[in-house]
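First to last, the protein sequences are chains A and B.
Position in the first sequence (from 1) plus 21 gives the number in my numbering.
Position in the second sequence (from 1) plus 4 gives the number in my numbering.
These are computed hints drawn from the structure, not numbers from a lab.
Owing to the predicted nature of the structure, the values given are computational and were not obtained by experimental measurement.
Beta carbons: idealized from backbone N, C-alpha and C, even for Gly.
Accuracy of the hints is not assured; some may be wrong.
Claimed, not checked - To be clear about the criterion: a stretch of chain A counts as covered by chain B if any three or more of its residues have a C-beta under 8 Å from a C-beta of chain B, and this derived list gives those stretches:
id	stretch
1	382-396
2	404-413
Said to hold, decoys possible - One-sided and incomplete, this derived list gives chain B residues near chain A with beta-carbon spacing under 7 Å:
id	residue
3	Phe40
4	Asn41
5	Gly45
6	Val49
7	Ser67
8	Cys69
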Amino acid sequence: MTPAAPTPGSPAAPLNVEALRKDFPLLQRTVHGRPIVYLDSAASALQPAAVIGAMTDYYESTHANVHRGVYATAEEATALYERARVAAGRFIGAPDPAHEVVFTKNTTEALNLVAHSWGRANLRAGDAVLLTEMEHHANIVPWMLLSEELGGLELRYIPIDGDGRLALDDLDRLLDGVKVVGVSTMSNVLGTINPVRRIADAAHRAGAVVVADGAQLVPHVPVSVTDLGAYFLAFSGHKTMGPTGIGVLWARAELLEDMGPFLGGGGMILDVKLDSFRPAPPPARFEAGTPPIAEAVGLTAAVGYLGDIGMERIRAHELALTNHALARLGEKFGPDLQVFGPPGGEDRGGVISFAYRDVHAHDLAQVLDQFGVCVRPGHHCAKPLMRRLGVQATARASFSLFSDEHDVEVLIEGLVEAGSLFG
Amino acid sequence: MADLEELYREIILDHYRSPRNRGELPSPPAHRVEGFNPLCGDEVVITLIVEDGKLADLKIAGSGCSISQSSASLMSAAVKGKAVEEVRRLISTFKGMMSIHEASLDHDGDRTAATGGADVVEGEPEQIDLEALGELAALQGVVKFPVRIKCATLSWNTLAQGLDEVAAEAS
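Bound-form chain B, shown alone:
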């Protein structure tokens, strides 16, 4: 069960059982954005407020598996109060960690064929700064389970979409 323990780290189970920043902010004034994983039916609703170039507040609602819910919870804790540009960098770094690199799968070659529709990145993996990710690095075990990657990235993609929409409204 070594793989399972790597997937379901204690910190992931903790965020699944006790999700942070759970709920919805009144919208308006908050911006509301929904994300779906049509494959499994997971849903995430993010309400967020951007003020003075900062992601001043956000809450997350919806339902899904332990990976999607804990990823959303970990994300909310990591991005709340940060500058939008910093949040975008974190999204990019996290998605980099979640991308399947052939090189990173050398030890388990039979999985490379079964990417399950996940983001496959060609070429050499960029250096992922795991330290910058902090607790989020606990989710790296997901990469060994390709069909679950979309669970882990659902809330991040939804947040990116929300930030894009806020930026578009402001311009």
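Pulled out of the complex, with its shape left as it was, chain A reads as follows:
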């Protein structure tokens, strides 16, 4: 057999970034007279026209409240909403998406839901919760709130090593007596892709449940919940090229069955009397009130868009670009530019946090803005990690399927200007 050239759409075919960029209306605009260079997808992704169009179509042709009306558009809206549940679940390899996917507002709300509904039913004062030093506040503070409510949980943290990876040597000892492990699948600061499977296997041996924050990984790397091993996985619509206002909580169905409601109201009940109520079965039990219907339609379009391109190809593109950017920054700035997180490789996503000389991240980002470059300065909602790294803030550039080597060059151009201004 002769090896064939990769066909478009096959896992080996490189992305045609130039063509893909045309899918994103926002990339057509200029900022301060320069083409926008969007390097903040870790904060929020841009939306392809297919997503925006799907939501507009929905509002123009179909909109009605779901799960209530019997007229045609209400039936159609309900079908679209439930179809989104299946699409979102399939995107992460959920075995039974119709029963395992709960729509929330965002990743943060999904993680709060777990702490609130699973935590209240399964944790008692004195129980131990194991988190990591690189967690986003969204996977720390909900457990602290629960701790206050239950009269004290013991919060433990998996430390990070000098390369920004989790130090797992002591994992079994840390897991001793732990009921739940909260772990980021990929750090929003360091870009580290964590070995969630290894942690989940150890956690299960110790009798603990794993709650995975998938906000950064799911949009950029092929994810299968059965391979991941966690029993909960949360991610956000807007980081997955969908709209804001919708998040996804995937959970094993039997866990959802045993959890109490989150918010109370319409949609989450079977029956209400003057003195009591009976909750609906999952997933409705956790979706009080009118849900984000148009956003669910947009999310269906978003995961469809990503799926059509192919998550393997997206990951290959972003990995190659991350390695390229790390090499270029190192070559251009040497020790003047410090990158936080592991060196380029399979366990690194397209998130590059850095410090440049002693220029504060806010000043860097302000200068970069003049070049049309969108990066994020600050603590990235990970203050414990910032303290661990010994910095107050970093500047963070993050990649998407539409990012390319030219974007990296404009970033470098802006950093050179910042260097001369604050030099």
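Put chain B on the given structure of chain A with help from the hints.
Chain B in isolation, oriented as in the chain A frame:
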């Protein structure tokens, strides 16, 4: 880059590189007050001594961006040794300059929607006496960058809080 040059005036960069009244006074006797900007993590620590109705001495510690640090440095130079009432007037004048007035943004209307949580003042802008502000007027370029206003006002709000605390202790 005209906007950038307006933001990062030479005097601002000078105070950022060589901050005045840097450090901490022993506390006690000095009063110590901390300020945080939770959005960006900037921190400021002011230690101050009020004697005979005057802000006899103050030092500023903490860390942050060029705007927050230079604003703190410029402030320290402007208020040290002044009567507390005069310091309060200066705080008020400075914060007035840092408030976003619709009228002052007419030339750049697209920024009016993006106030970034800054202090938005309704109605006509009061006359800001830029002359009274002296070197501090160099910071007025910050107003064109709404999300940075909180950087510029952090040390001023913290000083106001410190003066309030000293007054409360004395009463």
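Evaluated hints:
no. : hint    : result
1   : 382-396 : holds (count 6)
2   : 404-413 : holds (count 3)
3   : Phe40   : violated (11 Å)
4   : Asn41   : violated (10 Å)
5   : Gly45   : holds (4 Å)
6   : Val49   : violated (13 Å)
7   : Ser67   : holds (6 Å)
8   : Cys69   : holds (4 Å)
The structure fails to meet hints 3, 4, 6 from the earlier list, while all remaining hints are met.
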